[in-house]
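Peer 1: Given next are the chains, with one letter for each unit.
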Amino acid sequence: MNQSTYDVLKIRAESYFKTSEVALNSNDVELLQNSLENMHFALELSMKAAITKNGGTYADYGRQGHNLERLILQKFGDGILSILIVAKRMGQQSLFSISLSSWSMDCRYLHMKDYPDMKAAINDYKELYQWIKSNLLK
Amino acid sequence: MDKKQFIEIITTSFNLLTPQKVSVFLKNDEIVNVRVVSKSFSGMTFSARFKYLNQILKDNQPEAFSKYLYIFEAFTPDEIIKLSIDDSKNIEISEDNFKHSAKPVEI
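Chains as they are written, first to last, in the numbering used here: chain A, 1 to 138; chain B, 139 to 245.
There may be inaccurate statements among the hints.
Computed list of lysine-lysine pairs in BS3-like fashion (alpha-carbon distance at most 25 Å, straight line) [to be verified]:
(1) Lys-159/B with Lys-113/A
(2) Lys-220/B with Lys-113/A
(3) Lys-113/A with Lys-177/B
(4) Lys-138/A with Lys-18/A
Covered, in the sense of this in silico footprint (three residues per stretch, anywhere, with C-beta under 8 Å from a C-beta of chain A), are these stretches of chain B [unchecked claim]:
(5) 164 to 174
(6) 177 to 186
(7) 192 to 203
FYI, nobody ran anything at the bench for these hints, they're computed from the structure.
Just so we're clear, the structure is a prediction, and the values are computed from it rather than from any experiment.
Glycine included, C-beta positions come from ideal geometry on N, C-alpha and C.
Construct the entire structure; sequences and hints are all you get.
Peer 2: Below you can see the structure in the form of structure tokens.
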């Protein structure tokens, strides 16, 4: 495991998470969009940290590098595990399905125009980030 | 259960929503994309729609539910018309703007 890269990813993920929380209760839709984007980065980097911790690698370019669906499927370690497989073994399908649905790469812009939707998506992402942090980044 | 049977089971799970259309795509051995178009979603947030679809599948098809990760897309008929215009435009912008944004972290 490349400890330094793992540490940086984990710290950056938490930094994005804390930044997201600043505007979490804002009534301003634009601030809330920023909160959601930061929560996405927190989730993305936490997934990359989990993969790195287990000796895996991930796409680090363009659209693929930000694709959460791709990251949770990324095989690591001995090539039989992924974040998704670990989550399935722990009975977490619902958590992952709902959170990733919130950020479908193909229709997120349509979703993110409405205040209640933004709030709900942020909360779903927050829950998923905290699960990864507690279970995969210890 | 073959692929055709699986898709039929998933599709019929959402009959209570009287959908205009249900599309099921097996993206790979682990992820299934489900798009439901129904008037029933009017007035619901997207997050509430995802939770609703997730619960329907979990209650009606627990075996299929536990086997895959589902990515839901839920639209009203009016929204799906807008999506086909806005979405392609946004994807192009997204590709261009984020071309180098996922580079490895510098140590």
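Peer 1: Going back to the hint list, which numbers does this structure go against?
Peer 2: none
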